[in-house]
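S.K.: Sequence:
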Amino acid sequence: MIAAWVGGEMALVRWDDKYLVGNPDVDHDHRTLFAMINEFHEAFQESKKRGELIVILRRLVDYSERHFQREEAIMSAAGYPALDEHHAAHEKLFETIFELNDKLESDPAPLDRQTIAFLRTWLSDHVIAQDLKLGAFLREKNGQKLESKPES
13 MIAAWVGGEM
23 ALVRWDDKYL
33 VGNPDVDHDH
43 RTLFAMINEF
53 HEAFQESKKR
63 GELIVILRRL
73 VDYSERHFQR
83 EEAIMSAAGY
93 PALDEHHAAH
103 EKLFETIFEL
113 NDKLESDPAP
123 LDRQTIAFLR
133 TWLSDHVIAQ
143 DLKLGAFLRE
153 KNGQKLESKP
163 ES
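Each residue of the sequence shown is one higher than the one before, counting from 13 in this note's numbering.
The hints are simulated quantities; they were obtained by calculation from the structure and are not laboratory data.
Honestly, I wouldn't trust all of these hints.
[Said to hold, decoys possible] DSSO-like mimics (lysine-lysine), calculated; alpha carbons at most 30 Å apart, straight line:
| no. | residue 1 | residue 2 |
| --- | --- | --- |
| 1 | 145 | 30 |
| 2 | 145 | 61 |
| 3 | 61 | 104 |
| 4 | 30 | 104 |
| 5 | 30 | 153 |
| 6 | 115 | 153 |
| 7 | 104 | 115 |
| 8 | 104 | 153 |
| 9 | 60 | 115 |
| 10 | 30 | 61 |
Can you make the complete structure from the sequences, with help from the hints?
M.R.: Below is the structure:
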């Protein structure tokens with residue numbers, strides 16, 4: 013699925029409770045990141061000026077950096093064994109979105125669909141591949157029963 017109708021508008025990525033990690037701060041950050049990606053996509057679809065796209069993407073880059081720091085602090089405090097691997101994944105993601113931002117600021121060529129496709133997949137793929145493992149670890153550490161979530 014490339015996009016979904018959310019709140020009467022076409023969204024590039026759609027939040028789903030399957031992305032819940034179980035930590036309120038991390039889950040709030042993830043919802044915010046989904047919303048920011050959709051804001052960028054909407055501006056792109058509406059052919060907003062490059063300057064507006066740059067402002068939105070810069071906010072996404074800045075928020076991503078703060079989110080990664082918060083998430084890694086939670087991992088460190090909990091003694092998460094895959095912290096180094098997760099940090100490396102964050103570094104790679106941050107480097108890629110930072111490069112996208114630099115490209116948007118310096119390259120007069122219009123954005124291509126590949127950029128939009130990356131934005132569509134990077135967050136949801138990372139949450140599923142990496143962050144849900146953190147959620148399972150935190151629940152297990154806190155003695156909470158690990159239950160499978162119903163399909164949405």
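S.K.: Of the numbered hints stated previously, which ones are contradicted by the structure, given in increasing order?
M.R.: 2, 6 and 10
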